[in-house]
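All chains, full assembly: derive it from the sequences and hints.
In order, the protein sequences belong to chains A and B.
Taking my numbering, the leading residue of the first sequence gets 124, the next gets one more, and so forth.
Taking my numbering, the leading residue of the second sequence gets 124, the next gets one more, and so forth.
Here are some chain A residues the structure puts well away from chain B; computed CB gaps all over 10 angstroms:
hint, residue
1, Thr-174
2, Asp-176
3, Asp-420
4, Pro-442
With a straight-line cut-off of 27 angstroms between C-alpha atoms, the simulated BS3-like cross-links for lysine-lysine are:
hint, chain 1, residue 1, chain 2, residue 2
5, B, Lys-287, A, Lys-302
6, A, Lys-288, B, Lys-304
7, A, Lys-433, A, Lys-130
8, A, Lys-371, B, Lys-371
9, A, Lys-272, B, Lys-371
Hint data in this document are derived by calculation from the structure and do not stem from the laboratory.
Ideal placement from N, C-alpha and C gives every residue a C-beta, glycine not left out.
There are 2 protein chains.
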Amino acid sequence: MNQLNYKKTQYNEPFISQRADPYVTRDDEGRYLFTASVPAYDEIILRRSETLDGLKDSAEKTIWKKHDKGIMSQHIWAPEIHKVFGEWYIYFAASDVDDIWALRPYVLHCKGSDPMTDEWEECGQMQRCDEDEFSFNDFSLDMTVFENKGHWYAIWAEKVNIGKKISNLYIAEMESATKLKTPQTLLTAPDFDWERIGFWVNEGPGIIRHNGKIFMTYSASSTGVCYAVGLLSISEDDEILNPHAWTKSRLPVLSTDMNMGILGPGHNSFTTITENDGSETDVVIYHARQYDEIEGDPLYDPNRHAYRMKVLWDKYGCPIFDIHNNF
Amino acid sequence: MNQLNYKKTQYNEPFISQRADPYVTRDDEGRYLFTASVPAYDEIILRRSETLDGLKDSAEKTIWKKHDKGIMSQHIWAPEIHKVFGEWYIYFAASDVDDIWALRPYVLHCKGSDPMTDEWEECGQMQRCDEDEFSFNDFSLDMTVFENKGHWYAIWAEKVNIGKKISNLYIAEMESATKLKTPQTLLTAPDFDWERIGFWVNEGPGIIRHNGKIFMTYSASSTGVCYAVGLLSISEDDEILNPHAWTKSRLPVLSTDMNMGILGPGHNSFTTITENDGSETDVVIYHARQYDEIEGDPLYDPNRHAYRMKVLWDKYGCPIFDIHNNF
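What follows is the structure, given as structure tokens:
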């Protein structure tokens, strides 16, 4: 492990070590559930805790392991656990040991109400709607889902173009937890310089709501020091499937801070903590490295750690992501 | 020729018959230049006239013919003549007789100052900038160019995806008349239902300016009765290469009118006429069919005719396209 430029600061002590694409949500009892990519990319793990702090040291349960061959046998990436239409599902990406870049989104379903103890079953690949001839034809991953006014939506990353490819983010309404209801709509492409470093990438969508608005963070550029978080927003009353109803921020909202020792922050999720006075504070869970001089392919360097940061809100109702608010 | 549902109205008398993708511009002396796709898709023609009316019957000169084989030997489509950086150029799309869907944008240059009488030379394929790994990799055509505040921009259609493809519109700044200065930026994709009939298409961009705003019309869906014209706009002071600085209209601004006998209007350009009182009126030149029951591939049906329509402006400064204003 090469940590030539490792710098210890009060802000870059990992929340959970060697867990990338960290995803945290709360169940109906307010308990925290955690899942993430593990460095070997070979299984899906869950942790549960009464408190956010408790996730750090709570026991980790493997709820699913990759297949030996065929689909879902390689690159088990970025699981997210969601309660959709009243039941627990995990969305994750995987490829085939014989076709390791054939990433597609897959779904697991919990047969009971307790995701830690009840059995999980495979639902296969996420299905596009019958009229959709385009979705999941190519490298596609990082599916997240959210509900708005009784409708469920999925957002995912998918690559287009010939040769070197461009990763865009797409949105569609969901018919069920495992099938889309509408054809894909292109939500955001790598438009700006800071989204085009190394690779042209928009991926890792995460949803947070505030004062009647829906915000979507996403990660841009290659997964190195240039990896950064961008932001889209829309009123919850607006037309969610109209990409032109969303506003895209011109600049990233979170990026590398060498002084803080937070390198390549991205692929975040959102949760809340309950303060002593009973109020709820928004928290972003994201991953970053403590160094950027990596030997070999950064994808197989295990030290993307999960961090957490309080999200503040400015007077315009926009989120503030500031590494000083790591805790 | 099948004209089962041909309906003669005062509005669907062609301005110029059997000329698709009509392009009209005015030279420095105010004369009109006309070019278009011819039904055989085998040559590039020019007409010139002192008046717009005069284009209808003016002599047509073939200024370039397709090659026998190799690039530029098939599907000579949608030429546009522009004075760029002070000289005359023609942008057109073409494929190869041995690879007939390998459409790419090509450029011709007029060696003198008179496009009707001076010699034209080939400049080869339009070149992307050196850092751009994406443009013109796939089916790409319908390049138009425009100037704003001393900078030249190109907009073109290019397809992405595997199998059935999606045609988007891209924009880049130009370094010269034949080479781009910046990598591509995705300007608009087929987002709405009316852009996705038959094929998911945005193509045929056309630029018109009014009161400090730049408007881009484009054509959407398959080239049948569903073909329709959409609209984007931006302030001329805004960041032209930022797609989020453009506003996209939710609905088409021009579409089929069966009663008027105007079917599948699209792929337009803009010019002006000088009224008797000396004022200038904006005019859109577009193509349409008079019937929709076509035998065989619509692409090889010769009866897309050029029409012309006065463009009115509403109190918000937005263009009005109304077939009642055909003349």
